[in-house]
Amino acid sequence: MAHHEGTETVSEHDQSHLDIHHKIAHEKEFKQQIVSFAMMIFLTMIAFIAVASDAISDAFTVVFIMILAGIQLVFQLYMFMHLSHKGHQYPAWGIFFGVFVAGTAVIALMGMIW
Amino acid sequence: MKPESMNKLPANPERATLEGKNKFLGFWFFLGGETVLFASLFGVYLGLRNATNGGVTASEMFELPLVFIATMLLLTSSLTSVFATMALKTNQFKRMIGWFVVTGLLGLAFLGLEIYEFTHYVHEYEHTIRSSAWGSAFYTLVGTHGAHVFVGISWLTLLIIRNLKRGMDLYTAPKFYLFALYWHFIDVVWIFIFTVVYLMGKVG
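Residue numbers (this note's numbering), protein chains in the order written: chain G, 1 to 114; chain Y, 1 to 204.
What the hints contain is simulated information worked out from the structure, not anything from laboratory work. A virtual CB, placed ideally from N, CA and C, is assigned to each residue, including glycine. Hints may be right or wrong, so weigh each one.
[To be verified] As a list, the in silico DSS-like pairs of lysine-lysine whose alpha-carbon atoms are at most 30 Å apart:
no., chain 1, residue 1, chain 2, residue 2
1, G, Lys23, Y, Lys8
2, G, Lys31, Y, Lys175
3, G, Lys28, Y, Lys23
4, Y, Lys94, G, Lys28
5, Y, Lys94, G, Lys23
6, G, Lys28, Y, Lys8
7, G, Lys86, Y, Lys175
8, Y, Lys175, G, Lys23
[As the list claims (entries may be wrong)] One side only, chain G facing chain Y, incomplete, derived with CB under 7 Å:
no., residue
9, Met40
10, Phe48
11, Val51
12, Asp58
13, Ala69
14, Gln72
15, Met81
16, Phe97
17, Ala105
18, Met110
19, Ile113
[What the hints assert, rightly or not] Computed footprint of chain Y on chain G, listed as stretches where at least three residues anywhere in the stretch have a Cβ under 8 Å from a Cβ of chain Y:
no., stretch
20, 21–35
21, 59–68
Looking at chain G on its own, in the form it has when it is part of the complex (with noise of 0.2 Å):
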């Protein structure tokens, strides 16, 4: 963001005005951390509900809580820890590396232990 150097020097009414622009920003973003909690309580309360109840098939209910854990994820990465913001690029290759090696070394050594 361009306005982090020149703080100091833009005149009050163009600062009063960046402080709108954050206030409606921080506000949408607060919306949206709250509906991805709400995602995240009824993704988990899915999980364990298909789990709970035998309406489903074992094989299938494993491969449903897999898939619902990964959109937790996604929700936990891009929205609470930011992944989504500017200035991300590196962490994302940080992490993304990371959880390729991790899938890697699970699939490995449940393979391996067999």
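Chain Y: place on chain G using the hints.
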């Protein structure tokens, strides 16, 4: 520090200085490494989850209500640390500390529940870290996560005590921001623990 620049922080105070930028980037890379650490434990757990050595099995031992409550506690603490981060970005120091205290208390409640859970397993089912390969994998994976929660609470306590009088500035903002990142990461790991260990354990 000039008092004026203190009550007018930039939009992203955690990344406004070179030190803050370095910490921010370094911490994300550290989390990438932590992901691999937990992946190795998850992989081992998935390989050994049926190696019960004739003892109690996962579907006999786990109780979903307890795990559900623990999950809700940690998920809510993730939200309260989001509130703390938002207070950080709008330069409301006291509000930020307030939300972080709530986060820490929820983390403590989670930890208490986990300690109860482990003692319950040991006494009711004689399921210990030595009873089977599955027992070793279970306590190592879930215990490592619990240790991370403990470290997080300790870190947060020290951060608050040390910086309470210092207030919000470009020096303290990165410290608190990184703690929030760490706490979300702990929650991400827990999402996979309740899915892979507990829910998949119940399915069998």
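Structure-based check of each hint:
1. G:Lys23 to Y:Lys8: Between Lys23 (chain G) and Lys8 (chain Y) the Cα gap is close to 14 Å, so the pair holds against 30 Å.
2. G:Lys31 to Y:Lys175: With a Cα-Cα distance of about 25 Å, the restraint between Lys31 (chain G) and Lys175 (chain Y) holds, given a limit of 30 Å.
3. G:Lys28 to Y:Lys23: With Cα atoms ~27 Å apart, Lys28 (chain G) and Lys23 (chain Y) stay inside 30 Å; holds.
4. Y:Lys94 to G:Lys28: holds (22 Å)
5. Y:Lys94 to G:Lys23: holds (19 Å)
6. G:Lys28 to Y:Lys8: OK: Lys28 (chain G) and Lys8 (chain Y) at ~21 Å, within 30 Å.
7. G:Lys86 to Y:Lys175: Between Lys86 (chain G) and Lys175 (chain Y) the Cα gap is close to 20 Å, so the pair holds against 30 Å.
8. Y:Lys175 to G:Lys23: Roughly 24 Å between the alpha carbons, so the hint for Lys175 (chain Y) and Lys23 (chain G) holds.
9. Met40: holds (6 Å)
10. Phe48: holds (6 Å)
11. Val51: It holds, given that the least Cβ distance between Val51 (chain G) and chain Y is near 5 Å, below 7 Å.
12. Asp58: Nearest chain Y Cβ about 5 Å off; hint holds.
13. Ala69: With a minimum Cβ separation of about 4 Å from chain Y (threshold 7 Å), the hint on Ala69 (chain G) holds.
14. Gln72: Given a least distance of 5 Å, the restraint on Gln72 (chain G) holds.
15. Met81: holds (5 Å)
16. Phe97: Interface hint status for Phe97 (chain G): holds (6 Å vs cutoff 7 Å).
17. Ala105: holds (4 Å)
18. Met110: holds (5 Å)
19. Ile113: With a closest approach of 3 Å, the Ile113 (chain G) hint holds.
20. 21–35: With 5 residues closer than 8 Å to chain Y, the stretch 21–35 of chain G meets the three-residue bar; holds.
21. 59–68: holds (count 5)
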